[in-house]
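**Q** In the order they appear, the protein sequences are chains A, B, C, D and E.
Taking our numbering, I'd label the letters of the first sequence as residues 1 to 354.
Taking our numbering, I'd label the letters of the second sequence as residues 1 to 354.
Taking our numbering, I'd label the letters of the third sequence as residues 1 to 274.
Taking our numbering, I'd label the letters of the fourth sequence as residues 1 to 216.
Taking our numbering, I'd label the letters of the fifth sequence as residues 1 to 216.
Quick caveat, the hints were computed from the structure, so don't treat them as lab data.
The reader is advised that the hints may include incorrect statements.
Said to hold, decoys possible - Calculated cross-link-like contacts (lysine-lysine; reagent style DSS-like; alpha-carbon spacing at most 25 Å):
id	chain 1	residue 1	chain 2	residue 2
1	C	Lys274	C	Lys82
2	D	Lys112	E	Lys112
3	E	Lys137	E	Lys43
4	E	Lys137	A	Lys136
Computed from a prediction, not measured in an experiment: that's the story for all the values here.
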Amino acid sequence: MNEFVYKLDDMGYAYRGPVSSFSLELESLRVGPGEILALVGPNGAGKTTLLMLLAFLARPGRGRLEFLGGDPWANEASVVRARRDAVLVTHHPYLFKGTVADNLSFGLRLRNIPEAEWPARLRSALALVELEGWEKKSVLGLSAGQAQRVALARALALRPRVLLLDEPTANIDAGLGLRMEAVLREVSRESGTTVVFSTHNFSQASRLADDILYLSDGRRVEFSHENCFSGTAATDGRRSWIEPRPGVRIFFPGETRGHVTCVINPADIRLFAAGEAAEPSPGRNVFGGRVTRMETTDAATALVRASGSLTFRIALPVAELEAKGISLSRDVLLRFEPESVKIVGPRTPGNPRD
Amino acid sequence: MNEFVYKLDDMGYAYRGPVSSFSLELESLRVGPGEILALVGPNGAGKTTLLMLLAFLARPGRGRLEFLGGDPWANEASVVRARRDAVLVTHHPYLFKGTVADNLSFGLRLRNIPEAEWPARLRSALALVELEGWEKKSVLGLSAGQAQRVALARALALRPRVLLLDEPTANIDAGLGLRMEAVLREVSRESGTTVVFSTHNFSQASRLADDILYLSDGRRVEFSHENCFSGTAATDGRRSWIEPRPGVRIFFPGETRGHVTCVINPADIRLFAAGEAAEPSPGRNVFGGRVTRMETTDAATALVRASGSLTFRIALPVAELEAKGISLSRDVLLRFEPESVKIVGPRTPGNPRD
Amino acid sequence: NGDTYRRDMSLRCMSPISPISERSLMLATTTSVDATGLLDVLADAFKKDTGIALKWIAVGTGAALKQARDGNADVVIVHAKKLEDEFLRDGYGVNRRVIARNYFMIVGPVDDPAHAAGSSSAAEALGRVKSSGVPFVSRGDKSGTHTRELDLWALASGKPETAYLETGQGMAETLRIAAERRGYTLTDTATFYGLQGLTGLKPVYENAPELENIYSVIAVNPARIPTARYGEAMAFIAFLTSPYGQQLIGEFRGKSGRPLFEPMAATPGVDLVK
Amino acid sequence: MIFRELALAIWVSLKTSGLAALIASAIAVPAALFLAGRDFRGKRLVLLINQTWMAAPTVVIGLLFYSLLSRSGPFGGLGLLYTQAAMTVGQVFLILPLIVGFSYTALRQVDKRARLTALALGATPRQAGWVVLREAKYALLIAVLAGFARAISEVGIAMMLGGNIRNATRNITTSIALETAKGEFRNGIVLGAVLLVITLGINLLVQTGLRGKDKD
Amino acid sequence: MIFRELALAIWVSLKTSGLAALIASAIAVPAALFLAGRDFRGKRLVLLINQTWMAAPTVVIGLLFYSLLSRSGPFGGLGLLYTQAAMTVGQVFLILPLIVGFSYTALRQVDKRARLTALALGATPRQAGWVVLREAKYALLIAVLAGFARAISEVGIAMMLGGNIRNATRNITTSIALETAKGEFRNGIVLGAVLLVITLGINLLVQTGLRGKDKD
Ligand SMILES: Nc1ncnc2c1ncn2[C@@H]1O[C@H](COP(=O)(O)OP(=O)(O)OP(=O)(O)O)[C@@H](O)[C@H]1O
Ligand SMILES: Nc1ncnc2c1ncn2[C@@H]1O[C@H](COP(=O)(O)OP(=O)(O)OP(=O)(O)O)[C@@H](O)[C@H]1O
Ligand SMILES: [Mg+2]
Ligand SMILES: [Mg+2]
């Protein structure tokens, strides 16, 4: 087996035409066999674009994209072979006219899988998305979530080496969404399937993924798009800041002009029970808030959401929570250094860079 | 002003044709002015269908649907008038060919709003979805979330009396999703806009909504689709149960046959720190788990997610949490009476009812 | 048996080269001979007589001669002396024989608003039409009829300035337009009497020698067009000019029940003067 | 053929067929919108009839209208036979099913959500119809131009109902037929080329005009 | 007209035009798939030419092929003039742009995601093309049938290239033209009706056959 499933180096992709000036640039990305990678980032970050590239439905404009040790774009046959190994479920999936079974067997036929095997494959794939017995249903008049689940089953039935999923649980009901996560974990563990999925659900990403790729404006960023704020940069000479809400300032080092977006790594924010630490003071990033959510990821890290004038997400070890006396509904203070604030680029096309 | 915006009595709607046997039946529903109502339920519950009815894009087959004290379906003019008052943003929105501004001004033109007002309206609507300055962009090549936001802005620009939103934040990034919630709260509070939205995000529903309508299989159910489990019913004469996972039984009173779905009201589940209460015993619904998430809703209620062999969501007053010593990552036991288990109907078409 | 016939037909017509087993002949002809149904009679008899299948395209004198020049016909039946002479002079045609005649006549509305009836000559009749201001409908298609009409107008010192409709169509269509527009026109008798459902027109000047309409047959010159089936063409000419062929032409009656063509091949010296 | 006559023939062709295309479109496009918008009993029959109608030969349509418009026919009193108006009427009848069929296919292409979205935003059914038309603008243009092309290239109706009367109802195609009958094949081909160049020009004009800068 | 001759004319019409529709579709549908699938420089020009081509009168196409197939022309040696094969060739040329235009509109109607989804599931470009065709099946059927209708109803090409030779190349429309020339209008209209009934039958047959039970 190859060391990596995907090996991207210095890859670039840009949409042509005057419509958009977006480009995706990835210096390096490695995805190993059986790995689960989550793509997280704000709208327009390039998640869907990257998934299209990983599914070989778009061709990199620049740089190297290796798949299972070879160049998928070497010739026509190699692209098709690569696509058969890496199956994408798009965000708003298209179902072919006909029945659910027609849709599920489409890929099986392409792969010359004997028809005798189909019923069993269909049954087990539909069971995974909890649509047992839906084979003969027409795809007309499926609800949004049902359609998404049929599309998921259509990919699962193929048992591909790589599953690429664009917001796979966005329209699936919460309980079932968790079940789907379990299913993905299972195929990854048992069949060694590599999974790359995009999500806006940060906790889903941390629950499910071995690794998270944060994207913003087509670039890899070091941390989550959580704690991501936009505003017009201002400066008083010593410090620069943006005001995401009137009167609320986030300070950062250096000077920047124009409309910018910044992110703060959830692990860089320190959290205190109210009264324990200093009050807000000028030039320092100190905010008050109230804990509205706490959850654990697989990694014994707690994620805390604190809402005040702004809503922040803070990551800290579970053990620290009790030590600091932080619990649900408590008033808290949180603090981070201006140096922890990373400017990641513009969000709107009003910006000079665009 | 009218007492109610929507007043539904004994309303029924069924899709025609052999494709589906789904029907939506609502005995009674009242939505008051300025109210925010969330529609929650599993895939195929009928949320989208109900929104279509509330937007007057589908006509009830039976029963009464009153809007602002009148019959919206009285004549052609009344339907159009009603539709202008209640604007729907569909789940996967359609954008008209052209620019963002073309899309936003479409409804303004229909309402004969003077063109001089348009730029200001567009600007403020786009600001609400954080797409300032996007007026001249073509809608071709928008990302999924960007498109959804443009559609949202298109509705917001009209300042309608009722906003109907089908999974409005499903494809919007997390931080912005919270902002959107704030926007909706604001239009509801400041302009008295009534908002009806569907969501799979139960915490969003409880955060945002004054009232939640739980739907399952086209019927109103008393509680969330959270804690919703399916399996084949079995009985030993005294008790009946289903096995959602092998070896894991949920008991309920009475006898039922076939594949069923049951739900347990999050408020009916009692929660104990581990060791405090009795161990699992046959015939009683007792489960062990670990707290993986805690959050507060507006109503000083805490929602706790506990994951063990099954994942449950429990609702209890915030105060009780500390009293009971329940915190994140703690092992807990949870218990509920068989009588709290409600059978809500089948989930798959393999079922005799379908 | 219809089936084998059809199979045979389809094979023959779709294959580029016709089987040699059946001799056939391609005739390009002026429309009136075909539209009256005369050719159907002649073709059947010719087939019986010689075993040669006659195929024809009915396109009008001008187009018929053009088709022959292009090598797409082996023999032509036409009725425009000037064009025929040109055809012969250019070396495309040989062995022209006059086979039949009928007459042109001037027809007009039944109430004869120009009082053309009773004229002593065609030129006089046309002159009356012209001075009455009643429209005259001309084929205007350089056909035999049209050429003759122009000759007659020349005798009547020119055609009308305005009340002169050129249809650019065949005789049948032109007659119909004349009927609709209550105008006069020059027609051959065969078409006039053969045309179904034509009402409102009557002959106002007819049976005059200056209105004679001569039909002739010309073989395509094999020296000029090597693919031309000269033997079959000559067989056809022989057949048409034979007493039997002439008899068939003379006895032919269209739907109207009148004789439409007068056999001419046996008329002494006809090929020299007509 | 002298230049003035050629110019006149071109003008007759453009006028009668252009008018026919406009009138037929005004009937066919709304009809197609109606058909594309809903599914009703008998819709397949309507489509079937439309499809069959496309096979009506020009001569037959010519005959039909001839029997209606001729002096002995029910509308003989109008004196329409052998006028440009008669040509237009016949051509409208000829190209109707083509434009209906084309537009129907074009309108089915519009996302069903377009109409629904328009209605949801408060459009009247008529306004929603306009939205659907606008979304299929380019394909509809092709439909209308195909109808125009069919009308301007047909000869049977122009011949039977127009009469190919010189300086009155003679258009390009009847001129071609006349030249062909005369054996002047070269003239026929030259006239055909003229017709195609004119159609090319019209297509170019209409397409660039109506399409403007937006992408298809 | 005797029955045997009528039957033969029907047979000639069906055979030549049916064949023409099949051949033209085999060329036009892939071409339309190619055009609909991608945007390239010069595509608008191709569409423009196609659109213009639709305006080619049958007589002109007849003249063109006449000059090619005539004994004195470059392909005269084939002896194709005045055969059913020549009629079919001419009709193919006639209906090509119609089927291209129709199919193009039909294929644009297919959701762009259909092709992408097929590719994502591992289809070769050719297989993805088939998927797109299948999704537009019914609209393509209409396109092909429209082409057939156009071919079976045309008379200029059949007349010029077939020659309307009795018992050989005489089809329904040239029969109609002949009857009309004879003034037998009633026969013309009856023949027209026969033509329409036949087309109706074919449409019914093909549509129910290929459509099966699935909804459009
Ligand atoms: N076909 C296209 N042509 C031009 N620009 C495009 C096209 N598709 C996407 N873009 C642009 O590329 C950027 C990235 O889009 P992409 O769909 O990859 O974002 P995303 O991360 O998936 O966002 P979302 O969370 O909203 O789905 C966006 O700014 C978008 O406007
Ligand atoms: N056009 C239609 N024809 C027939 N059945 C339909 C149609 N649309 C929806 N249905 C059926 O009606 C039921 C309810 O659909 P609806 O879209 O309202 O569900 P939903 O609650 O919005 O689900 P989701 O969460 O998946 O969006 C589903 O079982 C679906 O299959
Ligand atoms: Mg995306
Ligand atoms: Mg829905």
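**Q** A separate judgement is required for each hint: does it hold in the structure or not?
**A** Cross-check of the supplied hints:
no.	hint	verdict
1	C:Lys274 <-> C:Lys82	holds (11 Å)
2	D:Lys112 <-> E:Lys112	holds (15 Å)
3	E:Lys137 <-> E:Lys43	holds (24 Å)
4	E:Lys137 <-> A:Lys136	holds (21 Å)
In terms of the numbered hints stated before, the structure departs from none.
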